[in-house]
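Enquirer: One-letter residues, chain by chain:
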Amino acid sequence: MARKQYTADEIRDIVKQENVQFLRLMFTDINGIIKNVEVPISQLDKVLNNKITMDGSSIDGFVRIEESDMLLFPDLDTWMIFPWGSEHGKVARLICSVHMTDGTPFAGDPRNNLARVIEKMKADGFSSFNIGPEPEFFLFKLDDNGRPTTTLNDKAPTLTWHHSTWAKIASGHRAGTRKDGLRS
Amino acid sequence: MGFEVEASHHEVAPGQHEVDFKYANALEAADNIQTFKLVVKTIARKHGLYATFMPKPLHGINGSGMHMNMSLFKGKDNAFFDAEGEDQLSATALHFLAGLLDHARALTAINNPIVNSYKRLVPGFEAPVYIAWSGKNRSPLIRVPSGRGVSTRLEMRSVDPSANPYLSIAAMLTAGLDGIEEKLQPEEAVDRNIYRMAQSERLANHIQDLPSTLHNALKYLETDEVVQSALGDHLYHSFLDSKNVEWAAYRQQVSEWEREQYLELY
Chain A
1 MARKQYTADE IRDIVKQENV QFLRLMFTDI NGIIKNVEVP ISQLDKVLNN
51 KITMDGSSID GFVRIEESDM LLFPDLDTWM IFPWGSEHGK VARLICSVHM
101 TDGTPFAGDP RNNLARVIEK MKADGFSSFN IGPEPEFFLF KLDDNGRPTT
151 TLNDKAPTLT WHHSTWAKIA SGHRAGTRKD GLRS
Chain B
1 MGFEVEASHH EVAPGQHEVD FKYANALEAA DNIQTFKLVV KTIARKHGLY
51 ATFMPKPLHG INGSGMHMNM SLFKGKDNAF FDAEGEDQLS ATALHFLAGL
101 LDHARALTAI NNPIVNSYKR LVPGFEAPVY IAWSGKNRSP LIRVPSGRGV
151 STRLEMRSVD PSANPYLSIA AMLTAGLDGI EEKLQPEEAV DRNIYRMAQS
201 ERLANHIQDL PSTLHNALKY LETDEVVQSA LGDHLYHSFL DSKNVEWAAY
251 RQQVSEWERE QYLELY
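Chains A and B supply the protein sequences, listed in that same order. No gaps in the numbering here: position 61 of the first sequence is 61 in the working numbering, and each next residue is one more. No gaps in the numbering here: position 90 of the second sequence is 90 in the working numbering, and each next residue is one more.
Isolated chain A (complex conformation):
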């Protein structure tokens, strides 16, 4: 069940082999919204050495009077190259935790906070908390300006992924499609 673990050197090799041009450093703000810092591949070493900075107010929206520069620490286990192309080159992402300039975890980063709670769980004698989520979503048609309408899509694509930790998107009726046995 654990995802593949990469070393910094493995990542460097993959970047060369796959001609990755951009790195997207992802983190999540307090509202669950994904935020990104995108850097060119020339910054790879800085990324891997936890030296990329960002503005701490993007996590919770509050501008602080004092210095709010924070550091992004990438979790190498989250390395992923996006499958959609770009004329400018491949984009890879790393999910990051946010740290103070002295390296201590920023308490306002939801990901650091979950890691903290997981440590408490381990102190209580458990080794993992396994989660199987069932996120649902609507597909709406876009208007001519590319904005979503409230017209539901009536010909939805079925998207299937082949990846060790993912299941497939099942399209269909809302009622009665939920099955027991998410884990076979």
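All the pointers check out, no bait thrown in.
Calculated cross-link-like contacts (lysine to aspartate or glutamate; reagent style DMTMM-like; alpha-carbon spacing at most 25 Å):
1. B:K37 <-> A:D55
2. B:K136 <-> B:E86
3. B:K183 <-> A:D124
4. A:K90 <-> A:D45
5. B:K22 <-> A:D77
6. A:K141 <-> B:E256
7. B:K41 <-> A:E134
8. A:K120 <-> B:D82
9. B:K76 <-> A:D124
10. A:K122 <-> B:E182
11. A:K46 <-> A:D29
12. A:K122 <-> B:E225
13. A:K16 <-> A:D77
14. B:K76 <-> A:E119
15. B:K136 <-> B:D82
16. B:K37 <-> A:D143
17. B:K46 <-> A:E87
What the simulated footprint calls covered on chain B by chain A, stretch by stretch (three residues with Cβ under 8 Å from a Cβ of chain A suffice, anywhere in the stretch; the number is not a length):
18. 22-33
19. 57-66
20. 168-179
Covered stretches of chain B (chain A as the covering partner; in silico rule of three or more C-beta atoms under 8 Å from a C-beta of chain A):
21. 46-54
22. 73-79
23. 224-233
24. 236-249
Note that these hints are calculated values from the structure, not bench results. Where a beta carbon is used, it is the ideal one built from N, C-alpha and C, also for glycine.
With the hints as your guide, set chain B onto chain A.
Expert: Just chain B now, with coordinates in the frame of chain A:
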């Protein structure tokens, strides 16, 4: 490496889609939820569509939930399973369940964090409204699916996809661990149809309601130190402040429904 995507077109009924994930440990699961949202939105857009995780974009049809199946493990062993336990659930599972029920109303602020979340938590659309659990009913707040052994799990059905997965998982884990520490026992399972019970009957059976609005959920959060501790000081205060601003902005809005109801009547 990376993942392959294949897209094909089918005639399907309009609207809603669901993904069932294989389970993963908490941090990875939260990361996967975020990745999933990003990938779905990107692929949808490439097909000229917009994927939204808003809980109730349209009145009158089912909203979008994000049921969370969960279990605690010790090594390879599922700590929720006990072959000798009642219904093969361990004491740990029941304490954890009791912790979730005990803190359900404060958890709602985290699991259903936007004004619109509460438009989904109404009767008639398979979303939970009452605080109860069942191994038989399909629509309670907490369901115990039939799987046992390594598949033994609790399913929290109120969570919606507007929830911050890192906060939601941290909060539910903390509430469950509190149940274990305090050795809480859950109320009896409710296998009857709660929607058919009158309010007096629900009260007699100690079945409480989930908060009906974000405002009410926040009031419960403010009195629940366990769920507050799940966020830690910084996040708790930031979250509360931000949600109070959201509610204050919402309550000043005048909706189309109000104009339709009241403009000509008064």
